[in-house]
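K.L.:
Residues per chain are reported as follows:
There are 2 protein chains.
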Amino acid sequence: MSSPLRIALAGLGTVGTGVIQLIEENSALIARRAGRPIEIVAVTARDRSKNRGVDLSAYRWVDDMGELATASDIDVVVELVGGSDGPALTLARETLSNGRSFVTANKAMIAHHGAELAKLAESKNTALKFEAAVAGGIPVIQGLRDGAAANRIDRVYGILNGTCNFILSTMEKEGLDFTDVLSDAQAKGFAEADPSFDIDGIDAAHKLAILASLSFGSEIDFGGVEARGIRKILAADIAQAKALGYRIRLIGLAEIDGENGASEIFQRVQPCLVPLAHPLAHVTGATNAVVAEGNFSGRLLFQGAGAGDRPTASAVVADLVDIARKETGPAFSMPSSELEKLPRAASAHRVGKTYIRMIVADRVGVLAEITAAMRDAGLSIESLIQTETSDDGSALIAMVTHAGPEQAINDTLKTLAPSESLMGEPMVMHILGE
Amino acid sequence: MSSPLRIALAGLGTVGTGVIQLIEENSALIARRAGRPIEIVAVTARDRSKNRGVDLSAYRWVDDMGELATASDIDVVVELVGGSDGPALTLARETLSNGRSFVTANKAMIAHHGAELAKLAESKNTALKFEAAVAGGIPVIQGLRDGAAANRIDRVYGILNGTCNFILSTMEKEGLDFTDVLSDAQAKGFAEADPSFDIDGIDAAHKLAILASLSFGSEIDFGGVEARGIRKILAADIAQAKALGYRIRLIGLAEIDGENGASEIFQRVQPCLVPLAHPLAHVTGATNAVVAEGNFSGRLLFQGAGAGDRPTASAVVADLVDIARKETGPAFSMPSSELEKLPRAASAHRVGKTYIRMIVADRVGVLAEITAAMRDAGLSIESLIQTETSDDGSALIAMVTHAGPEQAINDTLKTLAPSESLMGEPMVMHILGE
Numbered sequence: 001m002s003s004p005l006r007i008a009l010a011g012l013g014t015v016g017t018g019v020i021q022l023i024e025e026n027s028a029l030i031a032r033r034a035g036r037p038i039e040i041v042a043v044t045a046r047d048r049s050k051n052r053g054v055d056l057s058a059y060r061w062v063d064d065m066g067e068l069a070t071a072s073d074i075d076v077v078v079e080l081v082g083g084s085d086g087p088a089l090t091l092a093r094e095t096l097s098n099g100r101s102f103v104t105a106n107k108a109m110i111a112h113h114g115a116e117l118a119k120l121a122e123s124k125n126t127a128l129k130f131e132a133a134v135a136g137g138i139p140v141i142q143g144l145r146d147g148a149a150a151n152r153i154d155r156v157y158g159i160l161n162g163t164c165n166f167i168l169s170t171m172e173k174e175g176l177d178f179t180d181v182l183s184d185a186q187a188k189g190f191a192e193a194d195p196s197f198d199i200d201g202i203d204a205a206h207k208l209a210i211l212a213s214l215s216f217g218s219e220i221d222f223g224g225v226e227a228r229g230i231r232k233i234l235a236a237d238i239a240q241a242k243a244l245g246y247r248i249r250l251i252g253l254a255e256i257d258g259e260n261g262a263s264e265i266f267q268r269v270q271p272c273l274v275p276l277a278h279p280l281a282h283v284t285g286a287t288n289a290v291v292a293e294g295n296f297s298g299r300l301l302f303q304g305a306g307a308g309d310r311p312t313a314s315a316v317v318a319d320l321v322d323i324a325r326k327e328t329g330p331a332f333s334m335p336s337s338e339l340e341k342l343p344r345a346a347s348a349h350r351v352g353k354t355y356i357r358m359i360v361a362d363r364v365g366v367l368a369e370i371t372a373a374m375r376d377a378g379l380s381i382e383s384l385i386q387t388e389t390s391d392d393g394s395a396l397i398a399m400v401t402h403a404g405p406e407q408a409i410n411d412t413l414k415t416l417a418p419s420e421s422l423m424g425e426p427m428v429m430h431i432l433g434e
Numbered sequence: 001m002s003s004p005l006r007i008a009l010a011g012l013g014t015v016g017t018g019v020i021q022l023i024e025e026n027s028a029l030i031a032r033r034a035g036r037p038i039e040i041v042a043v044t045a046r047d048r049s050k051n052r053g054v055d056l057s058a059y060r061w062v063d064d065m066g067e068l069a070t071a072s073d074i075d076v077v078v079e080l081v082g083g084s085d086g087p088a089l090t091l092a093r094e095t096l097s098n099g100r101s102f103v104t105a106n107k108a109m110i111a112h113h114g115a116e117l118a119k120l121a122e123s124k125n126t127a128l129k130f131e132a133a134v135a136g137g138i139p140v141i142q143g144l145r146d147g148a149a150a151n152r153i154d155r156v157y158g159i160l161n162g163t164c165n166f167i168l169s170t171m172e173k174e175g176l177d178f179t180d181v182l183s184d185a186q187a188k189g190f191a192e193a194d195p196s197f198d199i200d201g202i203d204a205a206h207k208l209a210i211l212a213s214l215s216f217g218s219e220i221d222f223g224g225v226e227a228r229g230i231r232k233i234l235a236a237d238i239a240q241a242k243a244l245g246y247r248i249r250l251i252g253l254a255e256i257d258g259e260n261g262a263s264e265i266f267q268r269v270q271p272c273l274v275p276l277a278h279p280l281a282h283v284t285g286a287t288n289a290v291v292a293e294g295n296f297s298g299r300l301l302f303q304g305a306g307a308g309d310r311p312t313a314s315a316v317v318a319d320l321v322d323i324a325r326k327e328t329g330p331a332f333s334m335p336s337s338e339l340e341k342l343p344r345a346a347s348a349h350r351v352g353k354t355y356i357r358m359i360v361a362d363r364v365g366v367l368a369e370i371t372a373a374m375r376d377a378g379l380s381i382e383s384l385i386q387t388e389t390s391d392d393g394s395a396l397i398a399m400v401t402h403a404g405p406e407q408a409i410n411d412t413l414k415t416l417a418p419s420e421s422l423m424g425e426p427m428v429m430h431i432l433g434e
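If you read the sequences in order, they're chains Y and R. 1 is the number of the first residue of the first sequence in the UniProt record's numbering; add one for each residue after it. 1 is the number of the first residue of the second sequence in the UniProt record's numbering; add one for each residue after it.
One thing to keep in mind: the hints can contain errors.
Since copy identity is lost for identical chains, a pair holds within one copy or between any two.
As a list, the in silico DSS-like pairs of lysine-lysine whose alpha-carbon atoms are at most 30 Å apart [to be verified]:
1) K353 with K173
2) K341 with K242
3) K124 with K353
4) K326 with K124
I should point out that these hints are in silico values taken from the structure, not numbers from a laboratory.
Chain Y on its own, in the form it takes in the complex (with noise of 0.2 Å):
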């Protein structure tokens, strides 16, 4: 068996320390698999004296991070400190450019500082991976650069955030607001104390700008990511969506729009409505799920914990697996120099069925209004349910519109948008297509 492989950890938090027991737990089966052994030499955190439950003593411990790039015993750093600049970036360049591998779960750093670090990685042949950046334990870096490498794909679309899709399920198991279960979820430790990251849509952001790139070749751009979150969705929508035929769920989605004969890419966060004949409408709580459309291959699904601590180590050993078996290729499936750079696609022209919900004052020529504007628009109503919806006077009106569009939804929005008619801005989801 061939020397071992020698790692050092930055940062020691739930991941961190999920990664020691992984690598101590499983290091006989991970030596016979990579054909040699992943020995951790040393660690660094914020603060030595922090029980973590775990014994460092067998570690170095590092007080400065910056020396785990030029240590001479270490082969792979391994990023787990967080943030997409800062401290990591300043780690990420040192470590590559001094020639050692780099393996990092930070989506953000990736998300702004992919393309850079990429190919300095490649100028110095050397590995930056980040299968832990997307989907938790989900091996999809993998699955899109290895096992669906043969495919052009045209489409790559998933469930990318746990704790909205937790956040979701719940309300949906328990028929309560948004709010009502984000207090919960954050006093049992599924939300942070500042979620916006997550429920906002920012940390799927990150996840579709890395999963795109992989799927199109295309250069990672997360200034492209249009992001809309989950705040604004009522129990009511839920319940009507359920009616329906529909789940509702918070899906990254990346497209190449060839339509008008160059490609062009479209990528996007936002709340929609999922066919209960769709995978994604059966996936619930924290888990996360991965679609990708290939020319050859169909649809993949690849699906499982898509956050936690032992899920993630699991999919940064698989890359510090990768590095000692020295199967590494370029950091997003090819040369740096392949990556093609798209223009962005433009939402007003994509056609699909969308979900249009109102609250409205319950008054006569209230239905008559919105259903002009929409006529106006060439907008057309598949189906529609006015419901009261409390003491004040208001009514809920969702409708599902037919295929159309989504220029007409603005419009029809721009027009109603004076109304005294309605309380509150309406509420969009489109519809997820089979």
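Fit chain R to the known structure of chain Y by using the hints.
P.N.:
Just chain R, lined up with the frame of chain Y:
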């Protein structure tokens, strides 16, 4: 860009022509991902004159398949001939002996001779790859070998035969009995003229043996797979299962039984009742799905098209991309010398809920006789339905037991075997745990 990977195709059925179409259609993309082009050099099949809908004129036609193994201008032989022995096996041995790589979709050959071929490949330092042998276009071999590499996997299971899943889904949807759906599936080309490999579970057993070896790091043991098919399932079974909250699926399951200290391997293909909350209950039509339970990753699900020319071609070419990238290790994820030879676990002490259906003569005391036999075997009933079946005075009794050892089921059936109340053999199906 490096020199092309030169391949030869043996077998030009639907999958073979699919591989040609894929390599032609996606050639530029494949070269970007693989770092070099993949080039078809030679082809062979039984009948040269047959019109296959693809233009073969650019490729050297070889009449004697054996030539491919030794031709100096071929790096990889792709075998799509089929058959566990015979010409396919000869070609595999000769190609690997000659130090060339070998890619196959031949599950029967790998199930029977995979251990021998893997050793041969290792001794010649060349690659043996068979992604297409399991679950069509789903990259599950790669998922287990690479993505889940850090995990101890103690259980792998799934829907491994598209024909059976298509038949079961259709029986459910249409309320028809097995034989009616089979004839229809045969007429439409979804089932073979001789469907026994599929519907008796042999095809799924081949795939299960391969998955088990990869998951557990154990020597492949096809002889140790118990296989039962779907021939005896009635429309009434599906209806009763549905009433009880289950769907019937043909499940291949392999598990490490570590109860008595030593690790034993259990492998079985059989129809099971799958709870609606389980993702496999929602896999319909010819789709396949595989679940692997890792000790860190938790439950990983891989789902997609289980057969068909294009998905299978996607898997074949994924292997070729790996070879082009020089990212190939031992066939079963670790060197043959590291694979453990595990003893087979007995089924009798396995514990679970079970569905039992009997057709009985509708006369006084039948239920008393059955329930007494169950009581004597220590088996308790969770739910029971008795319905009339037909005009002949027989009745159908369907029940689900509480969790108990399989031995108790065996004992009950043994007691009841001589009974004149039973019309035909009882149907026993285990319930898949959530």
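K.L.:
Against the structure, test the hints numbered earlier, and report the numbers of the ones violated in rising order.
P.N.:
2, 3
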